[in-house]
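**Student:** Could you put together the complete structure from these sequences and hints?
Sequences listed follow chains A and B, in order. Here the first sequence is numbered in the working numbering, starting from 100 and rising by one per residue. Here the second sequence is numbered in the working numbering, starting from 29 and rising by one per residue.
No false leads were mixed into what you were given.
Among chain B residues calculated to face chain A with C-beta under 7 Å, some are:
| no. | residue |
| --- | --- |
| 1 | R112 |
| 2 | T113 |
| 3 | I117 |
| 4 | V122 |
| 5 | N123 |
| 6 | D124 |
| 7 | E127 |
| 8 | H136 |
| 9 | H139 |
| 10 | Y140 |
Straight-line distance between alpha carbons at most 30 Å, and here's what the computed DSSO-like set of lysine-lysine pairs gives:
| no. | chain 1 | residue 1 | chain 2 | residue 2 |
| --- | --- | --- | --- | --- |
| 11 | B | K260 | B | K243 |
| 12 | B | K52 | B | K310 |
| 13 | B | K52 | A | K376 |
| 14 | B | K109 | A | K376 |
| 15 | B | K52 | B | K243 |
| 16 | B | K260 | B | K310 |
| 17 | B | K243 | A | K376 |
For the record, the hints were derived by calculation from the structure and aren't laboratory data. Ideal placement from N, C-alpha and C gives every residue a C-beta, glycine not left out.
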Amino acid sequence: MSDTATTAPGTRATSGNPPSALRVGLQRGYIEIRQFLRERDAVVFTLGFPVGLMILFASIFHGEIGHTGVDYRQVFISGMIASGIMSTSFSSLAISIAQERDDGTLKRLAGTPMPRASYFIGKVILVLATGVLETALLLAIGTAFFGLDLPQTGARWLTLAWVFVLSLVACSLMGIAMSSVPRSGRAAAAVVQPPFIILQFISGVYFLFSALPSGLQQVAAIFPLKWMTQGLRSVFLPDSFLGQEPAHAWEHGRMALVLLAWCVGGLVLCLRTFRWKGRRDG
Amino acid sequence: MDNESDSDDNLAISVRGLRKTYGKSVAVDGLDLDVRRGEVFSLLGPNGAGKTTTVEILEGYRSRDGGAVDVLGEDPGRPPKAWRTRIGIVLQSVNDAAELTVEEMVGHFAHYYPNPRNPGDVIDLVGLTEKRKARTRQLSGGQRRRLDVALGILGRPELLFLDEPTTGFDPEARRQFWSLIRLLNDEDTTIVLTTHYLEEAEELADRVGVVSAGKIIEVGSPARLGGRDSGKATVPWTGPNGPESEQTDSPTRVVTELSRRFDGEVPGLAVSRPTLEDVYLKMIGAAR
Numbered sequence: 100m101s102d103t104a105t106t107a108p109g110t111r112a113t114s115g116n117p118p119s120a121l122r123v124g125l126q127r128g129y130i131e132i133r134q135f136l137r138e139r140d141a142v143v144f145t146l147g148f149p150v151g152l153m154i155l156f157a158s159i160f161h162g163e164i165g166h167t168g169v170d171y172r173q174v175f176i177s178g179m180i181a182s183g184i185m186s187t188s189f190s191s192l193a194i195s196i197a198q199e200r201d202d203g204t205l206k207r208l209a210g211t212p213m214p215r216a217s218y219f220i221g222k223v224i225l226v227l228a229t230g231v232l233e234t235a236l237l238l239a240i241g242t243a244f245f246g247l248d249l250p251q252t253g254a255r256w257l258t259l260a261w262v263f264v265l266s267l268v269a270c271s272l273m274g275i276a277m278s279s280v281p282r283s284g285r286a287a288a289a290v291v292q293p294p295f296i297i298l299q300f301i302s303g304v305y306f307l308f309s310a311l312p313s314g315l316q317q318v319a320a321i322f323p324l325k326w327m328t329q330g331l332r333s334v335f336l337p338d339s340f341l342g343q344e345p346a347h348a349w350e351h352g353r354m355a356l357v358l359l360a361w362c363v364g365g366l367v368l369c370l371r372t373f374r375w376k377g378r379r380d381g
Numbered sequence: 029m030d031n032e033s034d035s036d037d038n039l040a041i042s043v044r045g046l047r048k049t050y051g052k053s054v055a056v057d058g059l060d061l062d063v064r065r066g067e068v069f070s071l072l073g074p075n076g077a078g079k080t081t082t083v084e085i086l087e088g089y090r091s092r093d094g095g096a097v098d099v100l101g102e103d104p105g106r107p108p109k110a111w112r113t114r115i116g117i118v119l120q121s122v123n124d125a126a127e128l129t130v131e132e133m134v135g136h137f138a139h140y141y142p143n144p145r146n147p148g149d150v151i152d153l154v155g156l157t158e159k160r161k162a163r164t165r166q167l168s169g170g171q172r173r174r175l176d177v178a179l180g181i182l183g184r185p186e187l188l189f190l191d192e193p194t195t196g197f198d199p200e201a202r203r204q205f206w207s208l209i210r211l212l213n214d215e216d217t218t219i220v221l222t223t224h225y226l227e228e229a230e231e232l233a234d235r236v237g238v239v240s241a242g243k244i245i246e247v248g249s250p251a252r253l254g255g256r257d258s259g260k261a262t263v264p265w266t267g268p269n270g271p272e273s274e275q276t277d278s279p280t281r282v283v284t285e286l287s288r289r290f291d292g293e294v295p296g297l298a299v300s301r302p303t304l305e306d307v308y309l310k311m312i313g314a315a316r
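**Tutor:** Here it is in structure tokens:
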């Protein structure tokens, strides 16, 4: 704390409006990604976990499913890519925002002129970057070692694009809403992960969806992950697999509708429940 | 409560009849407060007196249940966008952004303000030059607080809130911090300081307000608070039979008499007025 005055007195903040939400949001995205990459726990947990699971499962289980010409590995990897999208959006946002609410990050930001939207723009950028990275990782390992074929037609790449974006948006909004549930930052992972793991079991990630009891199938169909795995199967699996789908169709229309409904519902929930203060702050 | 001739233009903060309740407990109970532009105002009070609640209402963090509040001409309950560029807040107990360096953190926060100070200058100013490349999780408690101060003053605030800013500082760091506050105050920054250190309030504050049970019970300069300047002085000295002392309204007369009695130098002589701590504890005790 030297005694050198840095600027002439009298120049005040009153001049000018706060910078635009988008510009500050881009800066936040940059800082979010930097922080994420420096937190080794988060990198391992968010990015590495799905990769590890995929390698493990794909090494243990394989074999043709019925007479579809489709190996179990391809079904599983499609599901794992859907899980990876949910992990980088839903889990990582729900946990990190709960922690940021607890450690004072949000309170500090709320006390600055930072446009509130910029915080969320920063999160969107982080989720997009990690989601793309995760998907690319799983795709690369899946095609290199486990016989997954990249999408064969432009139409299938297009499906990948819209399923990816809709899934990411729906899961991000759910994650932001979920961040208000844990009572402390420390409890966040313990509160957020179980529902996600259960969803994975009933949504056709680890088990063939059609092999599940119909009651579970109906429960799973309420949530986005079931539709995400189905969407990714429609990208990577041949139409000869349709016999194994409950509706004997990829159901792109219904899929888009359910995911959109979660986007809208998630947004409403976020707007109604998002708090900038922790529970201790009254 | 205060000088009635203060016009609104001269006030950075004006509060009348502020009330805040949590369930059945009343945290702030009809509090009145004026802070003049350009002064350092210190809020003192025991834990649970309503200091933090009051300050957080002024900062726009909390809603109020009653009363009129004006901070830099706006209602902090419904502030316009530009209002936040004019105030700076140094919070207690924030542990954010563990993985960013001091430089990155200050540089990033500068993007939030229309006319920020130079981030490098601010880092120098708070004495973190040596630590600018360190991740924030590697900082000591005192260094962490200096970073909080750096972020608080980055936007050249007209009004700066400091909530127990020197907790965890060693004596030297505290002295350096005080000179920083004086520097900011010389640049016409109005400062609202809550602290547990009476020494700090005495050193920095133009005026002190004592909060107890959700009300301001007295406001005055640190030298005059609680009739401190006109209270009885204590004159201790060492007599032939050991230490003696006298409480008096006229210490000069006592000293003159002593000097006559000892015929010159009086051993162990001192004249002391009640300390700020003495009057503060008396006030808080009486209010309970």
